[in-house]
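Visitor: Take a look at the letters that make up each chain.
2 protein chains.
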Amino acid sequence: MDTVKVALVGFGTIGIGVAKILLGQQERIAGAVGRNVKLVRICDKDTQRDRGVKLPAEMLTDDLNVILNDSEIFTAIELVGGIEPARSIILSLLKSGKNVVTANKALLATHGGEIFDAARSYNRSISFEAAVGGGIPVVNAISTALQANALCQLQAIVNGTCNFILTQMEERGTDYATAVAEAQRLGYAEANPAMDVNGTDTVQKLAILAHLGFGAKPNWQDVPRTGIDTVEAIDIVYAKRLGYRIKLLAVAEATPDGVELYVSPTLVRIDTPVANVRDSFNIIRIVGDAVGDVLLQGRGAGELPTASAIVGDVIDTILGRAKITFDTLNLWKKERPATKIKNPAEICGKNYLRFLVEDRPGVLAEIAGILGRHKISIASVLQQQDNESNNSPAVLIIMTHVSREGDTLAAIDTIDSLVCVRGKTVRMRVE
Amino acid sequence: MDTVKVALVGFGTIGIGVAKILLGQQERIAGAVGRNVKLVRICDKDTQRDRGVKLPAEMLTDDLNVILNDSEIFTAIELVGGIEPARSIILSLLKSGKNVVTANKALLATHGGEIFDAARSYNRSISFEAAVGGGIPVVNAISTALQANALCQLQAIVNGTCNFILTQMEERGTDYATAVAEAQRLGYAEANPAMDVNGTDTVQKLAILAHLGFGAKPNWQDVPRTGIDTVEAIDIVYAKRLGYRIKLLAVAEATPDGVELYVSPTLVRIDTPVANVRDSFNIIRIVGDAVGDVLLQGRGAGELPTASAIVGDVIDTILGRAKITFDTLNLWKKERPATKIKNPAEICGKNYLRFLVEDRPGVLAEIAGILGRHKISIASVLQQQDNESNNSPAVLIIMTHVSREGDTLAAIDTIDSLVCVRGKTVRMRVE
Chain C
1 MDTVKVALVG FGTIGIGVAK ILLGQQERIA GAVGRNVKLV RICDKDTQRD
51 RGVKLPAEML TDDLNVILND SEIFTAIELV GGIEPARSII LSLLKSGKNV
101 VTANKALLAT HGGEIFDAAR SYNRSISFEA AVGGGIPVVN AISTALQANA
151 LCQLQAIVNG TCNFILTQME ERGTDYATAV AEAQRLGYAE ANPAMDVNGT
201 DTVQKLAILA HLGFGAKPNW QDVPRTGIDT VEAIDIVYAK RLGYRIKLLA
251 VAEATPDGVE LYVSPTLVRI DTPVANVRDS FNIIRIVGDA VGDVLLQGRG
301 AGELPTASAI VGDVIDTILG RAKITFDTLN LWKKERPATK IKNPAEICGK
351 NYLRFLVEDR PGVLAEIAGI LGRHKISIAS VLQQQDNESN NSPAVLIIMT
401 HVSREGDTLA AIDTIDSLVC VRGKTVRMRV E
Chain S
1 MDTVKVALVG FGTIGIGVAK ILLGQQERIA GAVGRNVKLV RICDKDTQRD
51 RGVKLPAEML TDDLNVILND SEIFTAIELV GGIEPARSII LSLLKSGKNV
101 VTANKALLAT HGGEIFDAAR SYNRSISFEA AVGGGIPVVN AISTALQANA
151 LCQLQAIVNG TCNFILTQME ERGTDYATAV AEAQRLGYAE ANPAMDVNGT
201 DTVQKLAILA HLGFGAKPNW QDVPRTGIDT VEAIDIVYAK RLGYRIKLLA
251 VAEATPDGVE LYVSPTLVRI DTPVANVRDS FNIIRIVGDA VGDVLLQGRG
301 AGELPTASAI VGDVIDTILG RAKITFDTLN LWKKERPATK IKNPAEICGK
351 NYLRFLVEDR PGVLAEIAGI LGRHKISIAS VLQQQDNESN NSPAVLIIMT
401 HVSREGDTLA AIDTIDSLVC VRGKTVRMRV E
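Going down the list, the protein sequences come from chains C and S. This note's numbering numbers the first residue of the first sequence as 1 and each following residue consecutively. This note's numbering numbers the first residue of the second sequence as 1 and each following residue consecutively.
Rather than coming from a laboratory, the hints here were simulated on the basis of the structure. The model shown is predicted, which means the values in this text are computed figures rather than measured ones. Cβ coordinates follow ideal geometry from the N, Cα and C atoms, glycine included. It cannot be assumed that every hint is accurate.
Said to hold, decoys possible - Just a few of them, taken from the derived set where beta-carbon distance is under 8 angstroms, the chain C residues facing chain S: (1) 84; (2) 85; (3) 181; (4) 291; (5) 292; (6) 308.
As the list claims (entries may be wrong) - Under the rule of at most 16 angstroms between Cα atoms (straight-line distance), these lysine to aspartate or glutamate pairs were calculated in the EDC-like manner: (7) S/20 with C/257; (8) C/334 with C/171; (9) C/20 with S/289; (10) S/375 with S/405; (11) C/342 with C/257; (12) S/38 with S/58.
As the list claims (entries may be wrong) - If you want the footprint, here are the derived chain S segments under chain C, 3+ residues with CB under 8 angstroms: (13) 136-150; (14) 173-186.
Let's have the full structure, built from the sequences with the hints guiding it.
Guide: Structure follows, in structure tokens:
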């Protein structure tokens, strides 16, 4: 049996998982590939920290050139994350003749065109199963097994941190800040959880899925995005009373006016599979025109689940399947016409609105009037005072019937400028 | 763009779906393959029946030789089903140089070795995504994306007919016969539903998954199998009261003593994803040592969902990915050592037992005594008389703690021979 050499750049949590599998399961991987797969180099700027993985001497280096100059390495894994230096590293790996496996959703969502064009120009492949949904084989499913379908809809929970926080809030009745602190204590959330809770991570993954499944090339910054940082305990309670759970959803839907895209906390019917995905689990619901509903569920993050996807891609790359898929799909290719993206203002849907208002006569009439003038009709209302004092503001929750996004945002703008309204209106979508 | 020719053998429900996609979505398929994919021949013994698909002249034939002798056809789809003539057809397709795509679980489970060896000897490939779970890409996931994992466990609902019947019984409170009739009326069950309800279909799919995921080569006839034809309304009601739903599960589990395999109606905790799969949907829960839990859910049958998997395999075959996977996995290869299968008598688990007994003093003591002598301890008991008359038999339900399968079966045998016991004991597993 001959041997193929693999290198790893970026020795953080996922990198440690990859090293554990490649070094610890050599026999199994050789069985799956038909060749010995040898991890020969790991590059990281920190060569000192003890990561709890026993490495052969000289495997760990802080000099990328050691990998670039080894012409026997055909497969390299980029796990640095973020834009730079990850972008430059991938470009130099490709230039030096390596096929690349990456988990870098920020880079793909931002510079997919550049790095995929580079891979094409060097006749190499890029694989990225781990960029979306961790260990869940969703990229593979859309890229291969579901290719007979035109996708109609995609609905996904792809941020485990947010789902953990929302689950804590619902099941333990804690407020947002307490749930975030618990997520940090358990290692589900970083010290600065902004990229997770403000929806950035989710929208970058949606941009990748929207390209892969619908041929759209969204600029992720332009996709409407609301995070979970505005969700409060009362939202969870009220949603539950109406038969819903709140989930941070990434949605893509094919419509005659283009692909609808958005990320928003969303009230999802409690008896659906998506509503029942708990803790840090992820789910991707795909609706294809032939296959109907397909749901893929699993751990969207973590050392070994994500490493499972990375090593799967390494195997695919060595076997040559990854190159076939890469050459066939023409992802992020300049010449490939992009599917139109629907004007976000034209997206229609039901909404959940929470206002903090002065508790005096006429306030509800004023707000309802503004909604009416924007052609938004009301499905249900709940008004509740925060405490007994007469001057304290009241919480007003309105569920709307289907309305145009443009009208909804204009109405919220007008309402937020009213004297009787305190703070900013919280808006979530309703499935 | 050049053209590749494809042929179809067997023009029933799934064949019609395949023809609809290949003939109706030519542009999309060409986009996914980079070549025009042309369905040139369909072979079926019935060339007269109107199937509602408009076919070009001369496409439909009852002569397989037309396909065998066309040396420009490299990919053929077998949808005849069953053992013969499907087996002979696949062997002659391979011999004449065609790669084969099939949905035939009965054939794979029974003659996998023969047809895979034939494909290897002719240097061709066989793909079979549609054989398990219809449109759900489970074969693909295990064969490619999850290859970094050793599978620990697999738990599956892979028969939509049974799941529909059980859902009807639970949600409408109907008895078994009424639910079967409803499934037949809606086209979910055939006129003779025996292969579905007695678990044969499920156990054949389990045999395929057990080989694919665990390297076992079970003879499907030897795998312990109980169907749903013994489930009665009272079982559903009592299970629900204890927090369970009854699902027909296929289970494979890696243990130090070999792979545990069985098919049985099983009491599954009501708050798990598997318990919440309704109607004709299927689910496959895979537990890998790296990825943890992965759940794949979707339509396990039906014209277009199954055709989605078939056409996905056709695309994989034309692109050459199928051949790489086929050559790498060495499925059903004689020389490949099979993983040991655990002696069914040694499988341990909790059980749900329902007895029909004479309603007289001492009966419970007698049955409990037999269970005790077989080292089976009792977790809970329910005794209920069918009607008010003193002489009518009573239903006795016992939930056991964990016991050895061999002991359980021996105890049931002894109990069934008691004078005070009417009919055969109904046994289900408890998750």
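Visitor: Starting from the hint list further up, note which numbers the structure goes against and sort them upward.
Guide: Checked against the structure, the hints that fail are numbers 1, 2, 3, 7, 8 and 14, while the rest are satisfied.
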